[in-house]
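Working from the sequences, and respecting the hints, build out all of it.
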Amino acid sequence: MKKLWILLFLAIPLVAQNYAQEDKTKQAIVKIYVVAKIPNYLEPWASSVRRSSGSGAIISGNRILTNAHVVANQTFIEVQRYGERKRYIAKVLSVSHQADMALLEVEDKSFFAGIEPLELGDLPYIEQKVVVYGFPMGGNTLSATTGVVSRIEHHRYAHSGESFLAVQVDAAVNPGNSGGPALSNGKIVGVVMQSLNKSQNIGYLVPVNMVKHFLKDIDDGKYDGFADVGMVTQKMENPTIKKYYHIDENSTGNLVDTVVYNASLKGLIDVNDIITAIDGHRIEDDGTVAFRKHEYTSFNYFVDQHQMGETVAFDIVRDQKKMQVEVPLKNRADDLLLVKTTRYDKMPRYFIYGGYIFSPLSRNLLNSAGRNRLKLRYFASQWPTEKKKEVVLLLKVLASDLSRGHYGITLWPVEKLNGETFDSFDTFYKRVQAFDGEYLVLEDKDGVKVVINRKKAMAKQQEILDKYNIEFDRSIDLRK
Numbered sequence: 001m002k003k004l005w006i007l008l009f010l011a012i013p014l015v016a017q018n019y020a021q022e023d024k025t026k027q028a029i030v031k032i033y034v035v036a037k038i039p040n041y042l043e044p045w046a047s048s049v050r051r052s053s054g055s056g057a058i059i060s061g062n063r064i065l066t067n068a069h070v071v072a073n074q075t076f077i078e079v080q081r082y083g084e085r086k087r088y089i090a091k092v093l094s095v096s097h098q099a100d101m102a103l104l105e106v107e108d109k110s111f112f113a114g115i116e117p118l119e120l121g122d123l124p125y126i127e128q129k130v131v132v133y134g135f136p137m138g139g140n141t142l143s144a145t146t147g148v149v150s151r152i153e154h155h156r157y158a159h160s161g162e163s164f165l166a167v168q169v170d171a172a173v174n175p176g177n178s179g180g181p182a183l184s185n186g187k188i189v190g191v192v193m194q195s196l197n198k199s200q201n202i203g204y205l206v207p208v209n210m211v212k213h214f215l216k217d218i219d220d221g222k223y224d225g226f227a228d229v230g231m232v233t234q235k236m237e238n239p240t241i242k243k244y245y246h247i248d249e250n251s252t253g254n255l256v257d258t259v260v261y262n263a264s265l266k267g268l269i270d271v272n273d274i275i276t277a278i279d280g281h282r283i284e285d286d287g288t289v290a291f292r293k294h295e296y297t298s299f300n301y302f303v304d305q306h307q308m309g310e311t312v313a314f315d316i317v318r319d320q321k322k323m324q325v326e327v328p329l330k331n332r333a334d335d336l337l338l339v340k341t342t343r344y345d346k347m348p349r350y351f352i353y354g355g356y357i358f359s360p361l362s363r364n365l366l367n368s369a370g371r372n373r374l375k376l377r378y379f380a381s382q383w384p385t386e387k388k389k390e391v392v393l394l395l396k397v398l399a400s401d402l403s404r405g406h407y408g409i410t411l412w413p414v415e416k417l418n419g420e421t422f423d424s425f426d427t428f429y430k431r432v433q434a435f436d437g438e439y440l441v442l443e444d445k446d447g448v449k450v451v452i453n454r455k456k457a458m459a460k461q462q463e464i465l466d467k468y469n470i471e472f473d474r475s476i477d478l479r480k
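Just so you know, we're using our numbering here: the sequence shown kicks off at 1 and counts up by one.
Derived from the structure by calculation, the hints contain no laboratory data.
In this text, all values refer to a predicted model and were calculated from it rather than measured experimentally.
A couple of the hints might just be wrong.
Below, computed lysine to aspartate or glutamate pairings styled on DMTMM-like, alpha-carbon distance capped at 20 Å [said to hold, decoys possible]:
{"id": "1", "residue 1": "Lys235", "residue 2": "Glu249"}
{"id": "2", "residue 1": "Lys416", "residue 2": "Glu463"}
{"id": "3", "residue 1": "Lys321", "residue 2": "Asp279"}
{"id": "4", "residue 1": "Lys86", "residue 2": "Glu153"}
{"id": "5", "residue 1": "Lys242", "residue 2": "Asp285"}
{"id": "6", "residue 1": "Lys460", "residue 2": "Asp444"}
{"id": "7", "residue 1": "Lys460", "residue 2": "Asp401"}
{"id": "8", "residue 1": "Lys330", "residue 2": "Glu386"}
{"id": "9", "residue 1": "Lys321", "residue 2": "Glu284"}
{"id": "10", "residue 1": "Lys445", "residue 2": "Asp423"}
{"id": "11", "residue 1": "Lys321", "residue 2": "Glu249"}
{"id": "12", "residue 1": "Lys430", "residue 2": "Asp444"}
Here's what the structure looks like:
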């Protein structure tokens, strides 16, 4: 009995020490309250207001780490420390909508008094235990759920639609958890990002190596982003295609089938080249690389390890000759897509001409339009060319005596203006504004035409705007 009392006595300081450490951790967890202006891409002059909340963690430099989607389109932000009721006004310091990360700052430095910021750890391993902290639905106080890392590989980030490395965990993740830290051994190994619908306890983290990339990127006060090399490759798992290109069956790689016209690797890597390694790491026939022993993910993992402006080395085979090329990283995905990635923190671009509303095609618009717009979704799978850098839509037509027979038209891609093609929304807008003829003729790729009388459109413009309670006939960027 005496021996048992001694063991219990010795255990008391350890329990107290663990409790004190857990309390320090909890004090660095923050609840984030956000008011956001949500644009309406089908009526681009309009918006609505939404209130939501998320989670965050205090890290070095009096900064709060959270998700970009927590603060996207924000107009007002407040933060609240664990165990306190006072809210402090915060603002966005930097944001990566690509990788769904954001940093907040609080002007009132008393907010950070007595806080020990959380440290960043390393990329976790499969089956490593994690604790997820945050303020999810179901209550107002801090929640902590435990789980293990179940998978690490590239995954589509719901916020941007781009694919990056993600950590899958089985800890419970619910709305409100977003932006909260996942800790292992007291250090941040990821940031809660999203969960898988209709699943049981499948959540995803932005891994800590992505967080470190983001923090290093903004050291100079400017966000450059994650690079995209601008090529599409084809798997070479079929032995016949290897024989066709005279590749040894024991060699591996991917076939290049598309190079975007303005990509930084243009002229360095060509269609029908076979890329066999990246930065010295072998590319498998299925397009993966080993980032750790027995762990594979997309070869773009090694592109994402670089900052913008650096170079990445590709080993290639061209006409049966081996060579190596250094590719400068100058482009983000948005520089290389016909339909840009999902946009945030900006109102949609548009202009109205006699009740005819024009706007560029965007992912936001696709998401708003529903899934039955197959023609528009086809554009989202295409790459731009020098002659076609952006798709312009006749978004909708406001009903009036001028537009009889036309006001049923929606989301109609315009291919030609007065018989001539154009490369972008800006070019289209400038040509419409400069036009001084009698009839403005719009045409789609099948030759179907919409004809607008210029003088009547201009004469009816203000009347139509007033009738539909539209304040401005164009987006703010065009008004400037």
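Each hint, compared with the structure:
no. : hint            : in the structure
1   : Lys235 x Glu249 : 14 Å, holds
2   : Lys416 x Glu463 : 28 Å, violated
3   : Lys321 x Asp279 : 19 Å, holds
4   : Lys86 x Glu153  : 40 Å, violated
5   : Lys242 x Asp285 : 10 Å, holds
6   : Lys460 x Asp444 : 25 Å, violated
7   : Lys460 x Asp401 : 9 Å, holds
8   : Lys330 x Glu386 : 18 Å, holds
9   : Lys321 x Glu284 : 19 Å, holds
10  : Lys445 x Asp423 : 14 Å, holds
11  : Lys321 x Glu249 : 16 Å, holds
12  : Lys430 x Asp444 : 19 Å, holds
The earlier numbered hints that this structure contradicts are 2, 4 and 6.
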